[in-house]
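Going line by line, the protein sequences match chains A and B.
Position one of the first sequence corresponds to residue 2 (this note's numbering), numbered consecutively onward.
Position one of the second sequence corresponds to residue 76 (this note's numbering), numbered consecutively onward.
Everything labelled a hint here was simulated from the structure, so no lab data went into it.
Mixed in with the good hints there might be a few duds.
[Stated by the list, open to error] Some chain B residues near chain A, calculated using beta-carbon distances under 10 Å:
| id | residue |
| --- | --- |
| 1 | A137 |
| 2 | I280 |
| 3 | H430 |
| 4 | F490 |
As the structure is a computational prediction, the values presented were derived from the model and not from experiment.
Just so it is clear, CB atoms sit at the ideal spot from N, CA and C, and this is done for glycine as well.
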Amino acid sequence: MEINDLYRDVILDHNRRPRNFGDLQPADASVEGFNPMCGDHLTLRLRLDADTISDIRFQGEGCAISTASASLMTEAVKGRTRDEALELFDRVHQLLTDDAAPGTEELGKLAALSGVREYPARVKCASLCWHTLASALKSTDLKSVPAVSTE
Amino acid sequence: MNHSALAQTDRTFDVDAARRQFPILGRMVHGKPLAYLDNGASAQRPQNVIDAMDEYERRHHANIHRGVHTLSQEATALYEGARDRLVRFIHARSRNEIIFVRGTTEAINLVAQSYARPTLQPGDEVLITHLEHHANIVTWQMVCEQTGAKLVVAPIDAQGEVHLDAVVALMSPRTKILACAHVSNALGTVLPVRRLVAAAKARGIVTLIDGAQAVSHLPVDVQDLGCDFYAFSGHKMYGPTGVGVLYGREQLLERMPPWQGGGEMILAVTFAKTTYNALPNKFEAGTPNIAGGIGLGAAVDFLSALDSTRAHAHESALLQHATAVLTRIPDLRIVGTAANKVSLVSFVVAGVHPHDLGTILDEDGVAVRTGHHCAMPVMDFFKLPATARASFAFYNTFDEIDRLGAGIERARKMFA
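Model the full assembly from the supplied sequences, consistent with the hints where possible.
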C-alpha cells in the first residue's frame with residue numbers, strides 16, 4: 002500500500018482542476034449528497050435529453066478523493082443513458098469495495114479510483130457523488146430527489 | 076531547530092519513563108513508530124490500568140452488591156474502591172456525589188432528563204456557549220423541546236475565547252441552567268469556569284461543567300469550582316471506554332428522581348410501590364461496567380502518582396513547540412488561538428483538505444483527528460467544513476511534533 006497509489010496523478014489533477022464544476026441552470030434534476038462524518042457536501046445538477054445525460058455539473062466542498070471522483074464521474078457519464086450510467090455506478094462501486102473486481106480496461110480514467118479500496122475510511126469519499134447520481138437516475142420524480150447521505 | 080529552551084523541560088519531566096508505561100506507544104504503524112496525537116479523542120492506557128482490568132477479569136469477576144460469596148465481595152470492594160479514588164480525584168464531598176455513567180454524554184443526559192426536565196417551565200432558559208461539543212448542545216435542545224424552555228448561546232470571539240461578561244450579559248431571570256465546557260475539544264480553549272460558575276451561582280442558576288477535555292490536563296476541584304454538576308469520561312484520562320462520572324452536589328442529587336429503572340437502584344419493589352435506593356445507587360440501574368469502573372480507579376492511581384506539575388509543564392512546552400512548528404508552515408492557519416489553551420492545536424492548510432492530510436500523516440505513523448470534532452457550530456463560526464487537530468498528552472515528544480510538521484509539508488507538496 003503506497004500513498005501515491007491513492008493520490009495518483011489523475012486524482013491530483015482532477016482535484017486541482019475539477020471538470021464540470023459549478024452551477025447548471027436550468028437543470029432537470031438537482032440532488033444533494035452529504036457525508037456527515039466528514040462534513041463533505043455536494044450538489045449535483047443534470048440535464049436529460051430523453052434518456053441521455055446531456056449535461057452534468059457539480060458544486061460543493063470535499064476532500065481530494067471526493068472532488069476528483071465527482072469530476073471524473075461527470076466526465077464519464079456525460080452523453081450516456083440512464084441505464085449506462087447506472088451500470089457504470091455498479092462497476093465503480095465494485096472497483097471501490099471488491100478486491101476481486103474485474104479488469105479496469107474499459108473504465109478509462111475512472112480506474113484511477115482503484116487505489117481507494119486499500120483505504121476503507123476513504124471509500125465513502127469516493128462513492129458519495131456516485132450514490133448521489135444513482136439516486137437521481139433511479140428517481141421517478143426528478144423534481145424532488147431526496148438528499149443522499151453516506152451514513 | 077532550536078530546542079534549547081524546551082529541552083530543559085524535557086530534562087525535568089522524564090518522557091521516556093512515562094512512555095514505557097504505555098505499551099501501545101511502542102507499536103509501529105505503516106512501518107513507522109506510532110506518533111499518537113489524537114489524545115483529545117481518546118487517550119491511551121497505561122500498564123496499571125490494563126493490569127487492573129485483566130486481574131479483575133481473571134480473578135475477581137462476579138456481579139457486585141448482590142452476593143455473599145467471596146468473588147462478589149471482592150468485585151464490590153474493587154468497584155467501590157474506584158469510587159473512593161474518584162471522590163479524592165475531583166475533591167467531591169462524599170461517595171454519594173460520584174455517579175458512575177457510560178461517559179460524559181450519558182452524564183449530561185442524566186442531568187437533562189432527571190434535573191432539567193422536571194424543573195424547566197416554558198420560557199425558562201438554558202445557557203450554553205458557542206464552542207460546546209454536540210453532547211452539550213443536542214441534549215439541551217431535546218430537553219428544551221420537551222419543556223418549552225429556550226436554548227441561549229453565548230458567543231465566542233475570533234480567537235475562540237469565551238468572555239465572562241458576554242456570558243453574564245445573557246443571564247436573565249429566566250436562566251435556570253448554565254452548561255458549558257471546561258475545555259473546548261475543537262479549539263483547546265480553557266474557559267473561565269470558576270468565574271462563570273460564581274456569576275451563575277449569584278443568580279441562582281444551576282451549573283453543569285463538561286469536563287471531558289479537562290480532567291486529563293488540569294487539576295479539577297469541584298468544591299473550588301463551585302459547580303453543581305461536573306461530567307467526565309474515563310477514556311480521555313487514560314482509563315477505559317464505556318465508563319465515566321457524573322459528579323453532582325448531594326443536595327441536588329437527593330431531590331432528583333431516578334432516570335432509569337431497574338435493579339440496583341431500588342430498596343424494595345412491590346407492584347404497588349417501589350422504594351428507590353439511596354445515593355449513589357439511585358442513579359445506577361442495572362449491572363454496571365464493573366471492569367471499566369475498576370480500570371478508571373486505576374487511571375486515577377496512575378494520574379495521582381504522576382508528577383503533575385512537570386507533566387503539565389511538558390504539555391505546555393509541547394503546545395508551544397507545536398504552535399511554533401505549525402506557524403512556520405506557509406498557508407497553514409491555526410484555528411483557536413486563545414491565551415489559555417490546553418495542549419491541542421486545530422488547524423487548516425490551504426489547498427489540502429483535512430481528510431487528505433489525515434491519510435497522508437497516517438502513512439507516516441502520525442495519528443491526528445480530522446473532521447468537525449462533534450462541534451459543527453464551531454466549524455460554522457470559523458466558516459470551515461473541518462479541521463485537522465493534533466492533541467497532545469504528557470507522553471508525546473518534540474520529535475513527534477517535528478514529524479507532524481514534516482508530514483504537513485509533504486502533503487503540501489503533493490497537492491501543490
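Fill in: Interface restraint verdict for H430/B against chain A (beta-carbon cut-off 10 Å)
4 Å, holds
For the restraint on F490/B, tell me whether the closest CB of chain A is nearer than 10 Å. 7 Å, holds
_Using the nearest Cβ pair, does I280/B come within less than 10 Å of chain A?_
At 33 Å from the nearest chain A Cβ, I280/B fails the 10 Å test, so the hint is violated.
Quiz item: With a cut-off of 10 Å, does the beta carbon of A137/B approach a beta carbon of chain A closely enough for the hint to hold?
Solution: Not OK, violated: A137/B not within 10 Å of chain A, min 39 Å.
The structure fails to meet hints 1, 2 from the earlier list, while all remaining hints are met.
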